[in-house]
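Asker: Those protein sequence lines, which keep their order, are chains L and F.
Numbered per my numbering, the first sequence spans residues 1 to 362.
Numbered per my numbering, the second sequence spans residues 1 to 75.
What the hints contain is simulated information worked out from the structure, not anything from laboratory work.
Ideal placement from N, C-alpha and C gives every residue a C-beta, glycine not left out.
Hints are supplied without guarantee of correctness; some may be wrong.
To be verified - Computed footprint of chain L on chain F; a stretch qualifies when at least three of its residues, placed anywhere within it, have a C-beta under 8 Å from a C-beta of chain L:
1) 11-19
2) 26-32
3) 48-62
4) 65-75
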Amino acid sequence: MDTTRYQRQIQLANFGIEAQQKLSKAKVLVVGAGGLGCPVLMQLTIAGVGCIGIVDNDEIAYHNLHRQFLYDESTVGKLKTDIARAKLKQANSEIDIQVYNLYLNHKNAIDIIQSYDLIIDCCDNFETRYMLNDACVLLNKPFIYGSIDAYQGQVSFCNVALQNTRSASYRDLFPQMPQANEIPNCNEIGTLGVLCSIIGNYQAAEAIKYITQVGDLLTNKLLSYDLLTHQQTIYTYEKKNSRPSNLSTREAFEAYEYRTTPNSSSTDIEDHSTLESLLQKENVLLVDVRQFHESPQIEAEKYIQIPLNELEIESERLENIETLIFVCQGGVRSMQAQLWASEKFPSKKTYYFSKGIDHIKF
Amino acid sequence: MKIKCFGSLTDIIATEIEMKIAAKTVASLIEFLEAQYPLLKGKTYSVAVNRQIVDKDFPIQETDEIALLAPFSGG
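Build out the structure end to end from the sequences listed, making use of the hints.
Answerer: Written as structure tokens, this is what we have:
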């Protein structure tokens, strides 16, 4: 190990060569090489973490480039893991980078996870997150959760070994997996690269602190961060062993069904021609439930905008309409609005256009 | 009572609300909020009272700071 490279962190009080050696011996698995994965991977690489595993199966898309800084225009269409590995090797050739070109699932997770000391969750969906948490509980691996939602982020350090026990897991924080389409992701509500970097850097900081045993960790704590105000709050939570009791063996874990099936029904309009024919009917209204500041701004016949959180107080405006079609940016809020309307107005025909406002030709 | 909302819950309620609520427990607070904001029904979230995530039977007072925390998906 070339210590000159790490001199400025080695000289920190309470760090020293011992901490650097702990980093060089550590094996960390990063699940997801996207918005959070990029800052986590780069920080761990340049800090000198000896072995880093990267799990991802996505190809680089043009709309990734504003936040996923390991990639550039020349790499669009290539595998994220391959490009990330090459970029990280350029930054620090001493680091052993292992890549897994696959999506982690309950069948392959245990074999991949078990050779690592620490797992970092940079994934973008709940199936993977809950599965990863359960695998880490099963294998006694510490697990750093991080995620973002529009301008906000969350970080927590789960399942850390304490005296005679382990700290709370992600399921102690959120016991039940949300329904499919309940929580919007970056594709639905958008995201900023700087927020991904802030939250990813918090995750990387927790990893470095854990490995070097410096400072206090976010165990049994949820850090909540709001980019718009820079307001940051730490919420505490307790270990309750919230994991389903039938997940206590490898066999049970591998047989467990994590996938939440999307609510597809006749209320979901999936193509534009169906939407057009519905809009040609009498007494029909397209109800846009996005907030007023969102673009594109629309002016059209048979169109009205009522943000999702105002539907209840504005419901009189919908009372005399026979057919309601809800739309939003990506299908999550419009589905919620349709569910609301089907309860509020059982006699009306209610639909939602799941593809979102950008797919409507006005 | 001051209630902060996070993530997707801000679309259903708001970032922050302050209102007089006679609820004595987290469960009765949820019942009140679901009546005011029907879209809250069936949503996944945890409730914190004075920055501590608690169960539904946890007692609350008018001066408490409440937070409704939705899990985030994006990465």
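Asker: Hints first: check each against the structure and report whether it holds.
Answerer: Hint check:
1. Counting residues of the stretch 11-19 of chain F whose CB lies closer than 8 Å to any CB of chain L gives 4, so the stated coverage by that chain holds, three being the minimum.
2. With a cut-off of 8 Å between beta carbons, the stretch 26-32 of chain F has 0 residues touching chain L; three or more are needed, and the interface restraint is violated.
3. For the stretch 48-62 of chain F, the assignment as covered by chain L holds, since 4 residues bring a beta-carbon within under 8 Å of that chain's beta-carbons and 3 suffice.
4. With 8 residues having a Cβ less than 8 Å from any Cβ of chain L, the stretch 65-75 of chain F passes the three-residue criterion, so the hint holds.
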